[in-house]
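Trainee: Read off the chains here:
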Amino acid sequence: DGGITQSPKYLFRKEGQNVTLSCEQNLNHDAMYWYRQDPGQGLRLIYYSQIVNDFQKGDIAEGYSVSREKKESFPLTVTSAQKNPTAFYLCASTDRVGTEAFFGQGTRLTVV
Amino acid sequence: RKEVEQDPGPFNVPEGATVAFNCTYSNSASQSFFWYRQDCRKEPKLLMSVYSSGNEDGRFTAQLNRASQYISLLIRDSKLSDSATYLCVVNTPGFQKLVFGTGTRLLVSP
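Chains as they are written, first to last, in our numbering: chain A, 1 to 112; chain B, 1 to 110.
Derived from the structure by calculation, the hints contain no laboratory data. A couple of the hints might just be wrong.
In the DSS-like style, the derived pairs of lysine-lysine whose C-alpha atoms are separated by at most 30 Å in a straight line are [to be verified]: (1) LYS57(A) with LYS70(A); (2) LYS42(B) with LYS70(A); (3) LYS83(A) with LYS79(B); (4) LYS97(B) with LYS45(B); (5) LYS57(A) with LYS42(B).
Quick caveat, the model's predicted, so the values are computed rather than measured.
Please model the complete structure; the sequences and the hints are all you need to start from.
Mentor: Written out as structure tokens, the structure reads:
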């Protein structure tokens, strides 16, 4: 079945550590996105990528980094520079003609 | 002005009621519009796309008003299972990114 997979589902990070969240899709979609959602809030765009080896900052990119070495993969690294990383992280993908976005099940990151 | 704005609610309605949500967008060149539903602690899922001519899917009707730059979602005969957060999504010109509204929370009570 085609879809988008995020892992892990839950992640705990110590202060000062970098962690990487995985996002893989087998939908052959060109565009991929990372969003952050805080409790009771909407989705805020962190980074997005339209093609391999290219990505753009979203509204809240500080403290995050991404790569897009393969079409199907768009990992997000939460660096120690992100001061308040505890949140629900969602990865999504779309094809280039503006149709619906497909989401992964999300990763809940908690700083301990 | 935010790119996409929604009334956060919550909207508290009894079963069987009709409820409507609006969402405004700032970029007049936006081309694609969607309504998503998000249940608590879950990922958003597509409810329906919004077309210029309006579209209906069972109890749900979506409309687009380009002149006033808003989209709407109408839910008729509300069910308890309709309780969720409804997110408005706009795709900017060139399909470069999806912009989400903050969502409108709906609570349907018996």
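Trainee: Confirm or reject each hint.
Mentor: Structure-based check of all given hints:
no. : hint                   : verdict
1   : LYS57(A) with LYS70(A) : holds, 18 Å
2   : LYS42(B) with LYS70(A) : holds, 27 Å
3   : LYS83(A) with LYS79(B) : violated, 41 Å
4   : LYS97(B) with LYS45(B) : holds, 17 Å
5   : LYS57(A) with LYS42(B) : holds, 25 Å
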